[in-house]
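Trainee: Read off the chains here:
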Amino acid sequence: MLSSAFRAPAKDIELSSPPPDSVSALAFSPTADILAVASWDNNVRLYDVNSQGQSQGKAMYSHQAPVLDLAWSKDGQYVFSAGCDNTAQMYNVQTQQAQQVAQHDAPIKCIEYAEIQGSGPVLITAGWDKKLKYWDLRSPNPIATLDLSDRAYSMDVAVSLLVVATGDRQIHVINLSNPTTIYKTIESPLKWQTRVVKCFPTGDAYAIGSVEGRVAIQYPGGDDKKNYSFKCHRYDIPNGTLPGSPAVSGSQHVFAINTITFHKTQYTFCTGGSDGSLTFWDGVARTKLKTFSCKDLNNGDTDARPPQFGTPIVASSFNHTHEIIAYALSYDWSKGHGGVPPQGSNTTKVMLHPVKPEEVNKKPPKR
Amino acid sequence: MGKKKRTQAFVIKPWCWYCEREFEDDKASEIETLQVSAMPKEVESYSTSLTNTLPGRDGYDIEIFGMEGVPENAVAEWKSRKEAEAGTAAMAAAAAASRPRQSYTVIPEADLQAALEQHKKLMAARNNPAPIPTFPPFGAAPPQFPAGPPPGFRPPFPPVGVPPFPPISNSPIPMGSPAGLPGVPPTPPTFVPQTSTPVPVQPVEVLPPKDGVMWPDATASPAEKRAQQPRYRYTSPTPDGETEEGSGVGKKRKAAADFL
Numbered sequence: 001m002l003s004s005a006f007r008a009p010a011k012d013i014e015l016s017s018p019p020p021d022s023v024s025a026l027a028f029s030p031t032a033d034i035l036a037v038a039s040w041d042n043n044v045r046l047y048d049v050n051s052q053g054q055s056q057g058k059a060m061y062s063h064q065a066p067v068l069d070l071a072w073s074k075d076g077q078y079v080f081s082a083g084c085d086n087t088a089q090m091y092n093v094q095t096q097q098a099q100q101v102a103q104h105d106a107p108i109k110c111i112e113y114a115e116i117q118g119s120g121p122v123l124i125t126a127g128w129d130k131k132l133k134y135w136d137l138r139s140p141n142p143i144a145t146l147d148l149s150d151r152a153y154s155m156d157v158a159v160s161l162l163v164v165a166t167g168d169r170q171i172h173v174i175n176l177s178n179p180t181t182i183y184k185t186i187e188s189p190l191k192w193q194t195r196v197v198k199c200f201p202t203g204d205a206y207a208i209g210s211v212e213g214r215v216a217i218q219y220p221g222g223d224d225k226k227n228y229s230f231k232c233h234r235y236d237i238p239n240g241t242l243p244g245s246p247a248v249s250g251s252q253h254v255f256a257i258n259t260i261t262f263h264k265t266q267y268t269f270c271t272g273g274s275d276g277s278l279t280f281w282d283g284v285a286r287t288k289l290k291t292f293s294c295k296d297l298n299n300g301d302t303d304a305r306p307p308q309f310g311t312p313i314v315a316s317s318f319n320h321t322h323e324i325i326a327y328a329l330s331y332d333w334s335k336g337h338g339g340v341p342p343q344g345s346n347t348t349k350v351m352l353h354p355v356k357p358e359e360v361n362k363k364p365p366k367r
Numbered sequence: 368m369g370k371k372k373r374t375q376a377f378v379i380k381p382w383c384w385y386c387e388r389e390f391e392d393d394k395a396s397e398i399e400t401l402q403v404s405a406m407p408k409e410v411e412s413y414s415t416s417l418t419n420t421l422p423g424r425d426g427y428d429i430e431i432f433g434m435e436g437v438p439e440n441a442v443a444e445w446k447s448r449k450e451a452e453a454g455t456a457a458m459a460a461a462a463a464a465s466r467p468r469q470s471y472t473v474i475p476e477a478d479l480q481a482a483l484e485q486h487k488k489l490m491a492a493r494n495n496p497a498p499i500p501t502f503p504p505f506g507a508a509p510p511q512f513p514a515g516p517p518p519g520f521r522p523p524f525p526p527v528g529v530p531p532f533p534p535i536s537n538s539p540i541p542m543g544s545p546a547g548l549p550g551v552p553p554t555p556p557t558f559v560p561q562t563s564t565p566v567p568v569q570p571v572e573v574l575p576p577k578d579g580v581m582w583p584d585a586t587a588s589p590a591e592k593r594a595q596q597p598r599y600r601y602t603s604p605t606p607d608g609e610t611e612e613g614s615g616v617g618k619k620r621k622a623a624a625d626f627l
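So the protein lines, in turn, are chains A and B. Just so we're aligned, residue 1 is where the first sequence starts under my numbering, counting upward by one. Just so we're aligned, residue 368 is where the second sequence starts under my numbering, counting upward by one.
I should point out that these hints are in silico values taken from the structure, not numbers from a laboratory. Each residue gets a CB set at the ideal place from its N, CA and C atoms; glycine is no exception. Please note that the accuracy of each hint is not assured.
Unchecked claim - Label-pair restraints from in silico Cβ distances:
(1) A:Ser345 with B:Thr586: 54 to 60 Å
(2) A:Lys226 with B:Leu489: 41 to 47 Å
(3) A:Asn227 with B:Glu389: 31 to 37 Å
To be verified - Beyond 12 Å from chain A on every Cβ pair, some chain B residues (computed):
(4) Lys380
(5) Pro438
(6) Trp445
(7) Lys449
(8) Glu450
(9) Ile474
(10) Ala481
(11) Leu489
(12) Pro576
(13) Thr602
Stated by the list, open to error - Once the Cα atoms are required to be at most 30 Å apart in a straight line, the calculated DSS-like pairs of lysine-lysine come out as:
(14) A:Lys295 with B:Lys488
(15) A:Lys349 with B:Lys487
(16) B:Lys446 with A:Lys11
(17) A:Lys11 with A:Lys191
Make a model of the complete structure from these sequences and hints.
Mentor: Put into structure tokens, the structure is as follows:
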């Protein structure tokens, strides 16, 4: 076809047979190119991804309700998942057996796997029952339980830093060397609801993403001068060019930061928003490295009049070699029931993007 | 930086009775006599008649200082004339001001239309799938960086001497055992399914965007609202004959509605 010669080549490759309903979390195995995808259709799917970006389904297991979060064990042998059925499951990738390993009184929103010095591996779960629990995977009772100020919305762990964001905009920081007490609790520096929190792989800082297109970087070690925040995933509304556009200038479409994912060796990170775009940042040098707009991702066109925002990016993950970043496009319920894609259409897609070094490499320190 | 908002109110600007010139601002009235600034030199020359004036207004019989002393009938006439001139414009401005500001939270028709078109295109593309593009082969593995913290790294916490957990956790965790994969499967912990009464299903609505922010609801996250939908709602199995624990506070009730 002649016309195809003039079309920009599609850069990102679609994962074959994605989940039929929205993706809630996805994570690459830390040891192999296996992508685990959790979905609102109650299932966790595992895909093999090869170096050409081709993928095929590998395994699947189910919860009794929507799955909300995922984590891998460090050795890549187990997948942990948690969901609205108030349980967490441990899935053995080799034997393909799943078993329940945790229980809450309400949906478990966050699950993380951590190795604590002197105590070995633990599973950490946090839920909408305002509890954070540590599990040793054999006992039906948690090793320890912490009370949170509100429902857990997001959690992440790196080295000995455990950060939990709750529905009341509090950020609970826990030192895993002393996991049974909350090291400190701060109010989020962002004025709006916290959507995601992610630790720097160095374990000395964390990033908070809010529903109001803003990211804050916090250093819990007391070095408050290093804390900062910045705006992103926003679009100016041109004044008076559209019917129904606001009378005041400076108005913006403001989208939620749904996902933040860190490059484990460069310490740079990638934000994905409800607008359907991806941006790579260097959090230390405080610079933007690369933006993939909705248009770049073939996911809407924000320059169009009226702007067409893409399907929200709800989850993202680097593979273990950092050559691929996987990101999930699906409806994030930001418009409630009315925004559900019509019956029979599936807007859920998982895309694989080949990562170029210049997109993720950190900036050299300034002299 | 936006434009400065201009006031739409109708004002009579200072003007010169002699030549009917308008002045932009009040500075003109600060000048001692308007006529002097407007008609330079001739006044000082004390000529019998002023120049540059309108016919009939060239005499000295009317003494004007600033805007003081202008004949009243002339003021009234001027005012009515100006009002008539500005009439149409002022009315339009007033109408614009009183018009309700359109809420841009409502999805405009055109937007919906565009979305539909996009969707149709997408569906068409799906029915005639294009050949699958391939990744450029991934090159050699990128140079690996030392996994440890960077030189300037400062641990966020002071060192803690106490053991992390009470001794119960000291037993090795089965999953950590190497190569013990299928070998001896750990006895799965038994969980007692918790009980709850089904809560009457109510449609859960979300707040519309406010000031451009797509999720202005501070009381619940989209996931919580979504989990309350009948489609996603989870009802845990209730063992027979068992009394309800937690007085029916189920997981879904707990999610958001309680906090609204």
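Trainee: Say whether it holds or is violated: Lys449 of chain B keeps its Cβ farther than 12 Å from all Cβ of chain A.
Mentor: holds, 28 Å
Trainee: Within 41 to 47 Å: is that where the Cβ-Cβ distance between Lys226 of chain A and Leu489 of chain B falls?
Mentor: holds, 44 Å
Trainee: Is the Cβ of Ala481 of chain B farther than 12 Å from every Cβ of chain A?
Mentor: Not fine: 6 Å to the nearest Cβ puts Ala481 of chain B too close to chain A.
Trainee: Just to be sure I understand the hint, the distance between the Cβ atoms of Asn227 of chain A and Glu389 of chain B should be within 31 to 37 Å; is that true here?
Mentor: violated, 56 Å
Trainee: Between the alpha carbons of Lys295 of chain A and Lys488 of chain B, is the straight-line distance 30 Å or under?
Mentor: Given that 30 Å is the threshold and the Cα spacing comes to 15 Å, the pair holds.
Trainee: Are all beta-carbon distances from Thr602 of chain B to chain A longer than 12 Å?
Mentor: violated, 9 Å
Trainee: Holds or violated: are the alpha carbons of Lys446 of chain B and Lys11 of chain A at most 30 Å from each other?
Mentor: Outside the cut-off at roughly 69 Å; violated.
Trainee: Going straight from one Cα to the other, do Lys11 of chain A and Lys191 of chain A come out at no more than 30 Å?
Mentor: It is violated: about 36 Å lies between the C-alpha atoms, which goes past 30 Å.
Trainee: Could you let me know if the closest chain A CB is still more than 12 Å away from the CB of Pro576 of chain B?
Mentor: Violated, because the least Cβ-Cβ distance between Pro576 of chain B and chain A comes to about 8 Å, which does not exceed 12 Å.
Trainee: Hey, is Lys380 of chain B genuinely clear of chain A, shortest beta carbon separation above 12 Å?
Mentor: Per Cβ check, Lys380 of chain B is outside 12 Å of chain A; nearest 27 Å; holds.
Trainee: Does the claim that Leu489 of chain B lies off the interface hold, with its Cβ farther than 12 Å from every Cβ of chain A?
Mentor: violated, 8 Å
Trainee: Run the C-beta distances from Ile474 of chain B to all of chain A and say if the shortest one exceeds 12 Å.
Mentor: With a cut-off of 12 Å, Ile474 of chain B comes too close to chain A, as the shortest Cβ separation is near 9 Å.
Violated hints for the displayed structure, listed by number in ascending order: 1, 3, 9, 10, 11, 12, 13, 16 and 17.
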